[in-house]
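Just so you know, the sequences run in chain order G and B. Under the working numbering, the first residue of the first sequence is numbered 132, with each subsequent residue one higher. Under the working numbering, the first residue of the second sequence is numbered 659, with each subsequent residue one higher.
What the hints contain is simulated information worked out from the structure, not anything from laboratory work. Relax, there's no trap hidden among the hints.
Here are some chain G residues pointing at chain B (derived, C-beta under 10 Å):
hint, residue
1, Asp258
2, Ile268
3, Lys304
4, Ile374
5, Asn386
Here are the computed lysine to aspartate or glutamate pairs in the EDC-like style, where the Cα-Cα straight-line distance is at most 16 Å:
hint, chain 1, residue 1, chain 2, residue 2
6, B, Lys983, G, Glu382
7, G, Lys395, B, Glu990
8, B, Lys852, G, Asp284
9, B, Lys858, G, Glu301
10, G, Lys333, G, Glu216
11, G, Lys242, G, Glu133
12, G, Lys282, B, Asp907
13, G, Lys304, B, Asp736
14, B, Lys974, G, Glu382
15, B, Lys983, G, Glu393
16, B, Lys948, G, Glu369
17, B, Lys865, G, Asp298
18, B, Lys856, G, Asp298
19, G, Lys281, B, Glu859
20, B, Lys856, G, Glu301
21, G, Lys368, G, Asp149
22, G, Lys304, B, Asp732
23, G, Lys362, B, Asp787
24, G, Lys281, B, Asp907
25, B, Lys975, G, Asp379
26, B, Lys922, G, Asp298
27, B, Lys975, G, Glu382
Now the in silico label distances, taken between C-beta atoms and shown as ranges:
hint, chain 1, residue 1, chain 2, residue 2, range
28, G, Glu378, B, Thr788, 54 to 60 Å
29, B, Glu731, G, Ala394, 43 to 49 Å
30, G, Ile374, B, Arg747, 56 to 62 Å
31, G, Asp287, B, Leu827, 49 to 55 Å
32, B, Gly863, G, Asp287, 40 to 46 Å
Since this is a predicted model, take the numbers as computed values, not measurements. For glycine and all other residues, C-beta sits at the position ideal for the given N, C-alpha and C.
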Amino acid sequence: MELIVCLKQILDPEAPPDSYTIDQEANRIFLPPEIAPVISTFDETALEAALRLKDTHGGRITALSMGNKFVSDVIKKALAVGADELILLEDVSFEGGDAWSTAYALAEAIKKIGRYDIIFCGRQAADWDSGLVGAGIAELLGLPSVTLAKKVDITDKTVTVERVAGDGFEIVKVPIPCLITVSNELGELRLVRLKGVRRAEKIQPTVWKPEDIGADPSRIGSRGRLTTLHKLFKPVKETQCEIIEGEDVAEAAVNLTLRLREAKLL
Amino acid sequence: MTEHKGVLIIGEIIEENLAAVTLELLGCGRTLADKLGERLSGLLMGSDTRPHASKAIAYGADKIYIMEDPLLEDYQSDLYLAAVEKMVRRVMPKIVLMGQTPMGRDLAPRLGFRMHAAVLMDCVELDIDTQTGRLLQVRPVYGGNARAVFTSETRPQMATVRSKAMSPLERNSSRKGDIIEIKPEIDPSAMRTKLLEKVKEEVAGIKIEDAAILVTGGRGIGGPEGFEQLEDLAGLLKGAVGATRPVVDSGWCPTSRQIGLTGKVVAPDLYIAVALSGSSQHMAGCSGAKHIVAINSDPQANIFREASFGIVGDWKKALPSFIEKVRELLKE
Ligand SMILES: Cc1cc2nc3c(=O)[nH]c(=O)nc-3n(C[C@H](O)[C@H](O)[C@H](O)COP(=O)(O)OP(=O)(O)OC[C@H]3O[C@@H](n4cnc5c(N)ncnc54)[C@H](O)[C@@H]3O)c2cc1C
Ligand SMILES: Nc1ncnc2c1ncn2[C@@H]1O[C@H](COP(=O)(O)O)[C@@H](O)[C@H]1O
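Next comes chain B alone, as it looks inside the complex (with noise of 0.2 Å):
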């Protein structure tokens, strides 16, 4: 049997740029490698995939394999499937680790069945036993009201890592590593599922993933216009906006301002969160944040638990005021 060794990452290339998650997961495969005494490889698909394996290589890879064929250009499962597999196969990795993206979500789960390997999907943490040598795989359930730590039983071990959870390393461009480009042979006709088109629900100003400040409403905003005044503020502290999952449900706002277990995940450095109770599901998207602000009229609401700030009051009252002082604040 051959042996299984080393971490393979698999990359993602969003808007022509390395995706952030791709980032962490070189930083984190770069420690449980190091850990290992092990080489850490990663695998990027598309075309023109290069620059981008240089520069995975400056965040700690030691090993790039590109695969370039237009029709990897966008996720489509089927070739997908077929590509990571035949390259999983080739490394015969002890970790293989993605980001729990739209990608990571469909692609993981299908490869671990096709492989009959453990995926653990939307880790936290992850670290080897010293003991066992064995990958500890830490992950929020019940949505994020409980921690639990699994191992899994088969090779090699699969997860997925939940975005903003890990830190990517410092870029540092002398680092040496391998660029490999692999045929990936595709057979257009094992193509089941097809992507036929990318609808772009585009929201103007900063995206909520990469805002300093956010802004977020619930439910007990009460509808659509109430949100304006979130966005006055938002706009004043130039942050973004976002919105719990029935203010979305409800159509008071698109789906890509959704925080949370199902939506989007944030890291800002000020979160302020207004009429919503903090629910363990939307926490699951923030509780990165450095400093969470709330405004509730509910004192035994949740969000106070998770937050270092607050008022206790309705909304409708607090944030005319607290918008016109933030206006004089910053003007001084």
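Just chain G, with the same shape it has in the complex (with noise of 0.2 Å):
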């Protein structure tokens, strides 16, 4: 079977609130040097997803991710939990884009790829919230598409998908090749093995260029955008926190559930 998995490097998007600082002239968001990026929570699930139906399907996974200034060791763990090849779309012209010029660039790569069963990603990258992406690659590609997975088995050409919905899921099945993005529920990343790290050092990621897939460069980056963002800012708190005190906890919340009262909240 072969497997493609899309990820994206990003900023820790648990990093404490107050550590982001936002360059209003840029419209740029920072964390501090020393929080490391990290590939996006839910694209290490869709990862997770990969590796279970080679686990008991075989086969290859390719990831791919575009982007700029990789850290290695980051981007490098896909190879370390057991992808088989990384594909990076590196270029400054790849900078600047949103969910349409992202898309067709990823969507470009995998035409390059060629060969695919199933796309993974991840339900949302978990900077911009978006979930946008997947849903772009499956049209450019004319794939059907199922989002929100939490767990995903294949039985000949038939995947069958259980997808997180409201007050609980939905059984799903869709056909191969068919592209799907996967939600936390479906479960960690497993760990990285030293054996898996040296499997990866052994492995040179390929890097494309915007010529290497043959996009056009007017449909890249922030040329092929079709939003404008005019404003990135922090949301105002104008709560004042009451903390309620006691000779102990135990009397803390007897004044509390007091003071609740007096503000007719009980």
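Mind assembling these two chains? They're in different frames, but the hints should get you there.
Take a look at the structure:
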């Protein structure tokens, strides 16, 4: 089975809220350099979904990522846990894009890879939280898709997916080739083992430039955008927390109920 | 080129009712349409949609299109995509809105790419720029650590809207509007992705989206046993119990209890946050609460920046006396 997983390297989404700073001029967001980037949370889960299929059915996993300033240790984690190949779309002209330019570049790269049964994406990139690129790739390649998967099984040429939905889940069938976006309910990515790290050391990532994938320069990076970002700002918080004290915690808790009653909240 | 005009919302009927988010879309769509001086229309799919169409008119729509077909009873991505695309091409609206629901999350991106029109997901504010007449689309990004204002360069301008971010109008049954039946002309062979079964994970008691009081536990609760105490408190207050993602991922609570960016959005009157840190991704689901009360042993925890009342300390010591006193107060 040929599996492709789309992974994005992002700023750590679980960094403390205070550590984010915004450059208002450039409409960009930063974290201090000591907080390392990560592979987007749901993309790790997507990789785990692919690894589980490979465990039971065999096959090959190609990890694909578009970006700039890749941190080798971060992105090579994909190889360390069991991906067979890592393809990086790395070039300044890919920068500054939105879901439309990103999906276009990834779809062109996937066409160049050529063989695929299932393409996995995360439900949303954990930085901009859009959840668009997966659908975009599917549309551009004319593939059926299932979103928000928490379980993926395959028999013959049909994939059965459990899809997270409201108060439960849906069981959905889709033929291959297809695209599946994965949600955290599927489970965390397996741990990196020493053997895996050694294996990853031996695999060099393949780097593709726009020319390598035959990309139309007007459709990638900032030129390919269909949206304009006008402003990026931190929401202001006005709440002042009233800390309720007491002799001990138990008494503070009693005082809290009294204060809530006074405020007519109980 | 045909001119794009008006606002179109894609409604949802859930458990034989217009979804709460659909009413919110009608409220927000009405405001946008009025600002443009244009009409608000809506689309409802399924079977027996007429009563819902009348209700949608009472909540602000000028015109409701209905598409009836047994195949549209449940959300089927390929069929809905074809049906909605057909509708949008026919109406040619300036703006298309959907809810940020399991359906909206699946359908809106595909529709956007199919029609080569940008979609901004999970918007919490929408407005018309008075100078350019464009739709200003505000959405939280970086897990809620920042907000971004976008516009689309393509038409129609499409957005999904976070639930509970907008307010519905008061129901006005004397409002007049048209109900127009459209033949969906469904081609079942277009269905590649096929819904086989819906599995409900029932939770006893009040749904967290509907509860006026929520008691939510985080990772600091330490295990499923602690949640029994939270259940006791919620029971006393006629509320419900919510959870953070690590709690759900650890299996201490069912997924349907998760509140946050990737869980449910709630807006209760009172939100009692116990042993959770108040991460931005969690707050994305509950920042609409009227009052937040925090119990956390770490005075630096972010939740104290979101809460109006709090105590610093071990929940195991705080909760029993809190519950006992609440019981006493409620008896009075
Ligand atoms: C893209 C993305 C989406 C996400 N979506 C969601 C989502 O929808 N919902 C969600 O909840 N999270 C979500 N998360 C995860 C989120 O970032 C946080 O990791 C999570 O909310 C933390 O949960 P927590 O507060 O329970 O745990 P922690 O952050 O570990 O906090 C536990 C708290 O308990 C306190 N504590 C410990 N012991 C005690 C005690 N005995 N008494 C009192 N207090 C105690 C600690 O001081 C601490 O503040 C998402 C993350 C990402 C990246
Ligand atoms: N730059 C990228 N490189 C590789 N995959 C990406 C990239 N951007 C988005 N994706 C994939 O598309 C999914 C959805 O992204 P988004 O639409 O940006 O929220 C992610 O979870 C990834 O699987």
